[in-house]
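Peer 1: Spelled out from the first residue to the last, the chains are:
2 protein chains.
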Amino acid sequence: MQDVYPSRFSTRTEILPRVDPVVYCRWDATAPLTRAQTDQFETEGYIVLEDIFSSDEVRQLRADTQHMLERPDELDPYTVVLEPGSDNDVRSIFRIHDQSAAIARLVADERLAGVARFLLGDDVYIHQSRLNYKPGLRGKEFYWHSDFETWHVEDGMPRMRALSMSVLLAPNTAYNGPLMLMPGTHRKFATCTGETPENHFLTSLRKQEIGVPCDQHLEAFAREHGIVAPTGEPGSVLIFDCNLMHGSNSNITPLPRSNAFIVYNAMQNRLVQPFGNQPPRPHHLATRDARPLGPVNKIPKTENIL
Amino acid sequence: MQDVYPSRFSTRTEILPRVDPVVYCRWDATAPLTRAQTDQFETEGYIVLEDIFSSDEVRQLRADTQHMLERPDELDPYTVVLEPGSDNDVRSIFRIHDQSAAIARLVADERLAGVARFLLGDDVYIHQSRLNYKPGLRGKEFYWHSDFETWHVEDGMPRMRALSMSVLLAPNTAYNGPLMLMPGTHRKFATCTGETPENHFLTSLRKQEIGVPCDQHLEAFAREHGIVAPTGEPGSVLIFDCNLMHGSNSNITPLPRSNAFIVYNAMQNRLVQPFGNQPPRPHHLATRDARPLGPVNKIPKTENIL
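Chains A and B are the protein sequences, given in the same order. Going by numbering that gives the first Met the number 0, the residue at position 110 of the first sequence is 109; the numbering climbs one at a time, nothing skipped. Going by numbering that gives the first Met the number 0, the residue at position 30 of the second sequence is 29; the numbering climbs one at a time, nothing skipped.
Treat the hints with care, as some may be off.
As the list claims (entries may be wrong) - A partial selection of chain A residues facing chain B, derived with a Cβ cut-off under 7 angstroms:
id, residue
1, V22
2, Y23
3, L81
4, L136
5, C213
6, E218
7, A221
8, E223
9, I226
10, G246
11, N248
12, S249
13, T252
What the hints assert, rightly or not - Stretch by stretch, here's where chain B covers chain A in the computed footprint (C-beta under 8 angstroms, at least three residues):
id, segment
14, 140-151
15, 171-178
Think of the hints as simulated: they come from the structure by calculation, not from any bench. All figures in this text were calculated on a predicted structure; none of them were measured in a lab. We treat Cβ as the ideally placed atom computed from N, Cα and C, and that holds for glycine.
Generate coordinates for the entire structure from the input sequences, incorporating the hints supplied.
Peer 2: See below:
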């Protein structure tokens, strides 16, 4: 398969154009998003949905994820990633839709999966799910990156036809290290330098140093596109394109920042062999046995899903 | 001399009451601050002054400090502190009022020194000055601390009768790691645990781990007092009490965050022997030959100082 987004092959970085659509369906009145939301996703690469869950649903989701954080011993140990330099502070838990009934229902919920199907123009499956927990006081930063760059090079995701949904489980304020985005950068592919080390994911998930853009491209992106940091209350959903440049600062406030992170990929965009020089990352980071979220999983909008 | 604020002596932390005033002068119409500003400083421990410098003055100040950053080889090498883990990125330059004519005039300027004399009710001198430069992309956090705790234990500052002024030299936005404050915490003294290591300043200025409050006190402070992060344009001046709890997150944005930091201490509060177990820190971190900023340094408000 031709590699239309080569990265980590050269000692020189460059900006390549996106050759894929952003929104794969044409908008009409039956779409699960408004025309303005669809246009914003197309041009800026992200949208925020507010008040789509009831407070009961949010409460149960928070209780379930809190339980996972407090009892990591009940989880698959491979799915638990700690903060850099810590033996205790949980940074991320992967594959949460396989380890929590509430999250399993959440990812299949039509209010989320339906939007993913519309934007990606295809049946969808879960490429990755994770609980990102930036603890209070000692939460470290996530440096700038395009998720697609890693998923392409390390997992073998062929094209830009995936998106992420971040479901806020705690207030994201300006102060507790909220996700920062550079709107519009999803239309450009900033290649990275450096060979991927063996078992890179064992360190990169704690602190990413390979697969990050060069300073010059980040400075140019920030100058041209600016930086936004959507904040919100628990239950808000931030949806962003797989190639949007994003990152977050550290969190020294005592307020943890907690998000359930769900990556939907189009069935037509299933993984192939990685485009980099390493074997594929393990299953809990990148699903290789893709099964579409089918109608049996679709729970009517009126039912309390959680 | 009796130690009214003992810290780093016990394995238990506690909250001690402040036994010193915050504002040492009674306000009247001749004061260099409004009554509202004076009241805010008394109750919240900080105020922000905007538009007190002309754009020409700000421009020259930025040019002079930029020169120091670009030519650290021209500076006293002891005064230059690098970012943790870096051999190049400047984090702080100390004693800038001795190394830059523009800063020497700035610290003596009546618009700043006059406010310090009023709030501290005494002649003042410069306890410490520094350029805090949080570089873009790789600027690390400053963890929560009370400056007074360090100045008392490591430098021998007897009482809470000092204040800091942070003169913004670059835009401080919500995203580039602005200073965060917990308003009102200047009225409480959170003691710290841990013995001060020998030559602690050689590491603490890069990353502070001793002289920081315990998690429980920080959580209680944030719950009770909240967190603010004043943002502003170059030339704004943030004035805060020596005992106000403050810190800042990392900065992964490409926008550097740069502030000139000036600490005024009351002449009656000159340093004595440190209250901790180590010899005093060197002169460039804590002035021991205090000389009041005298009338000869007072430049009339109408004159262009920079």
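Peer 1: Find the hints from earlier in the document that the structure breaks and name them by number, from lowest to highest.
Peer 2: 1, 2, 3, 5 and 8
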